[in-house]
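**Q** Turn these sequences into a full structure, and let the hints guide you.
If you read the sequences in order, they're chains G and W.
Every letter in the first sequence is one number past the one before it in my numbering, and letter 202, counting from 1, is 202.
Converting from the second sequence to my numbering requires adding 1000 to each position, the first position being numbered 1.
Calculated from the structure, these hints are not laboratory results.
Be aware that one or more of the hints could be misleading.
[Unchecked claim] Each computed DSSO-like pair below joins lysine-lysine, with the alpha-carbon atoms no more than 30 Å apart:
1) W/Lys1061 x G/Lys54
2) W/Lys1223 x G/Lys213
3) G/Lys37 x G/Lys69
4) G/Lys54 x G/Lys109
5) W/Lys1061 x G/Lys109
6) G/Lys109 x G/Lys37
7) W/Lys1020 x G/Lys213
8) G/Lys23 x G/Lys142
9) G/Lys23 x G/Lys109
10) W/Lys1007 x W/Lys1020
11) W/Lys1004 x W/Lys1020
12) G/Lys69 x G/Lys54
13) G/Lys37 x G/Lys23
14) G/Lys23 x G/Lys99
15) W/Lys1061 x G/Lys99
[Stated by the list, open to error] Example chain G residues on the side facing chain W (calculated, C-beta under 7 Å, incomplete):
16) Tyr55
17) Ala110
18) His179
19) Leu197
20) Thr198
21) Ile208
[Claimed, not checked] The calculated label-pair distances, taken between Cβ atoms and stated as ranges, are:
22) W/Leu1128 x G/Asn127: 52 to 60 Å
23) G/Thr33 x W/Val1296: 56 to 64 Å
24) W/Val1047 x G/Asp81: 34 to 42 Å
25) W/Ile1101 x G/Gly98: 46 to 54 Å
26) G/Pro139 x W/Ile1167: 35 to 43 Å
Virtual Cβ for every residue (Gly too), placed ideally from N, Cα, C.
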Amino acid sequence: MKNFMVLLTLFCFAAPVWGAETKLENIRVDTGTPAIKRGADTLMDICHGCHTLKYIRYSDLASLGIDKKKIDDWRGNQPLDAPLTGQMSDDAAMQTFGKLPPDLSLMAKAREGGANYVYSYLIGYYNTAEGVTGNHIFPETKMPDVLGISGAVDATQRTEIQGKANEVVSFLYWAADPHEEERHRLGYSVIAYLIVLTALLYFVKVRIWSRLK
Amino acid sequence: MKNKIVKWIDHRFPLTSFVKHELTGYPTPRNLSYWWNFGFLAGFVLVLQVATGIFLAMHYKADIALSFDSIQHIMRDVNYGWLLRFMHSTGASAFFLVIYIHMARTLYYGSYRAPRELMWWTGQGLLLMLMATAFMGYLLPWGQMSFWGATVITNLFRATPYFGDQIVVWLRGDYTVGDATLTRFFALHYLFPFLIIGGVVVHLVALHTVRSSNPSGIDLADKDNIPFHPYFTSKDFYGLGIFLIVYCIFVFFFPNLLIEPANNIPANPMQTPTHIVPEWYFLPFYAVLRAVPNLVGGVVAMGLSVMVFAFMPYLDRSRIPGGARYRPWYRAMFFLFAVDMLVLGYVGYVPPSDQTIVVGQAATFFYFALFALLPFASKKEEQWLIRRGLPPEVEALMASEVKEISKFPHRRRSGDKP
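**A** Now the structure itself:
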């Protein structure tokens, strides 16, 4: 508690400079496939009802290794290479929320703080004194507290919800940049190659310059 | 066989003499440090940007309804499209980094001095074209920052006397940044690199006329020059290896570091981002723009902050060779200027607050004050240095240059009598 108070005081100083960003929780995004798959489950259950992920296709989920039967359930009669468009019409969304729920394909990259922002937002719901839910990270949000963190009182329940939020973030992180793992793998090889090449070029240079007296 | 072909060509085209004149026989000062690698690196990055850009253009759609999606198509579906795109977006930053180091080297060693004024001025022209190309390229992904950045910058042309509003509409092709703006920026973003290549050719022809400057700051005697090839080709390629390692660390591991999060949101003319920032390479000049409270004044100050470098050959009146090396005052001014640039960059990055506005104004004043002081400071410094007695090595340098029969008898050289 004392630590928390100290942190809070520090945030008060930092807030005018950095706005909301410093209030974000710092998480380690689990980029393993199991976490991404569990995140996909949660996301398809509770987020996809309103949100689209138009740059992700059902076939992308299949190539991630998600069970074929599950994908068939999700896509209904849509083809396998259909994008994850929303199940809610724009009109219905406008009527319910007054604005369109944003597409989530790039959400993990589209906010200052990235994955930390999304996580902090998802678990940032609380009950206000007036008995409605508010959000610490994005107070103007129209999205309800879908994970139910505001109603969770005991620690185990909160931990469970935080775990869920973490997995959703894992999925969104993958969705925002599906080639990241491939990029890192290729990057190690390219840089290893370049280090050897540069060392050789250095010796060539030294050799050639040694001709000068 | 090979000789026969070369002979056949030489009858029709000066191949052998060209290679001899520009490469194997081109005399280059042997004392060049690694700071002289950056011109070559800039040329390399230019080629890299053109090469990746052409392939990106094959998959990109310049249409406000399609451009954001087409970038995601490149990032997700095109084979190694993510690599092309990250090489190109990181390449833009690499280009500016290399060019700024290239310019800093020129300023530090006084390479802009006679007879290399035209090198410096063609370089200044190339910088302007590079800035224009980068600015137009930034609109193409059609993200929030693309749109609002282009809106803010094109809006600056409102400061033009009499025709301000018309010029803005003429630039945008519409009353607001829209489809017409996107298509013309794409066309020009594709054109400008080729104009830059033309400018680079002029830059190189000028270079091969006046030859490279060197850390000593004087034209070296023949014995101190060595052929460009193989000595500097090998040195340039080694430098290229180092550059590529740094570049690839960013391309493969931190490519998103230099992309504003807001640019992952499609452009929305109805919603202004809370904080519009340009790319890092424009930040110091953006800070100068914001430091002046009035639009016309700000635009003039920003334009001047970029163009003021062109006056360096006239502002620096010292004849002591070696740039900042043998000139303590100039050296101090150089480093103060570098620090001032960093301060301006920071001020340009953070949202304006009462404190940063004051800091920005002070840094802007300081920026121009350094240039304004230079003619007097450089003259006074020269007198002080001569009165105090120059170090023997500098005396020797100046004396050796006097002895050299210069190709440019009319120019003021470091050894001339005051």
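**Q** Taking the hints in turn, state whether each one holds.
**A** Hints, verified against the model:
Between W/Lys1061 and G/Lys54 the alpha-carbon distance is near 18 Å, which keeps this suggested pair within the 30 Å criterion. For the hint pairing W/Lys1223 with G/Lys213, the CA-to-CA distance comes to about 12 Å; that is within 30 Å, so the pair holds. Simply put, G/Lys37 and G/Lys69 have alpha-carbon atoms about 14 Å apart, close enough for the 30 Å limit, and the pair holds. The straight-line distance between the Cα atoms of G/Lys54 and G/Lys109 is roughly 15 Å, inside the 30 Å bound, and the hint therefore holds.
For the hint pairing W/Lys1061 with G/Lys109, the CA-to-CA distance comes to about 22 Å; that is within 30 Å, so the pair holds. Distance hint between G/Lys109 and G/Lys37 is fulfilled; the C-alpha atoms sit about 19 Å from each other, no more than 30 Å. Restraint check for W/Lys1020 and G/Lys213: satisfied, since their Cα atoms lie roughly 23 Å apart, inside the 30 Å limit. With a C-alpha separation of about 20 Å, the suggested pair G/Lys23 and G/Lys142 falls inside the 30 Å cut-off, and the hint holds.
Taking the CA atoms of G/Lys23 and G/Lys109, the gap is about 18 Å. The hint holds against a cut of 30 Å. Taking the CA atoms of W/Lys1007 and W/Lys1020, the gap is about 15 Å. The hint holds against a cut of 30 Å. A C-alpha spacing of about 18 Å is found between W/Lys1004 and W/Lys1020, which places the hinted pair at or below 30 Å, so the restraint holds. The hinted pair formed by G/Lys69 and G/Lys54 meets the criterion: a straight-line CA distance of about 21 Å does not exceed 30 Å.
A distance of roughly 28 Å separates the Cα atoms of G/Lys37 and G/Lys23; the hinted pair therefore holds under the 30 Å criterion. This hinted pair checks out: G/Lys23 and G/Lys99 have alpha carbons roughly 26 Å apart, not beyond 30 Å. Taking the CA atoms of W/Lys1061 and G/Lys99, the gap is near 28 Å; set against the 30 Å cutoff, the hint holds. The interface hint given for G/Tyr55 is met, as the beta carbon of that residue sits about 5 Å from the closest beta carbon of chain W, less than 7 Å.
This hint holds: G/Ala110 has a C-beta 4 Å from the nearest C-beta of chain W, less than the 7 Å allowed. Using the Cβ-Cβ criterion of 7 Å, the hint placing G/His179 at the interface with chain W is satisfied: the shortest such distance is roughly 5 Å. Of the supplied interface hints, the one on G/Leu197 holds, with its beta-carbon coming within about 6 Å of a beta-carbon of chain W, less than 7 Å. The restraint placing G/Thr198 at the interface with chain W holds, with a minimum CB-CB distance near 3 Å, inside the 7 Å limit.
Because the smallest distance between the Cβ of G/Ile208 and any Cβ of chain W comes to about 5 Å, under 7 Å, the interface hint for this residue holds. A C-beta distance of roughly 57 Å is found between W/Leu1128 and G/Asn127, which places it inside the suggested range of 52 to 60 Å. Range check, G/Thr33 to W/Val1296: about 58 Å between beta-carbon atoms, so the 56 to 64 Å window is met. For W/Val1047 paired with G/Asp81, a C-beta distance near 37 Å keeps the hint of 34 to 42 Å intact.
Taking 46 to 54 Å as the suggested C-beta distance range, the pair W/Ile1101 and G/Gly98 conforms, at roughly 51 Å. In this structure the supplied range 35 to 43 Å holds for G/Pro139 paired with W/Ile1167, their Cβ-Cβ distance being about 41 Å.
When each numbered hint is compared with the structure, no violation occurs for any of them.
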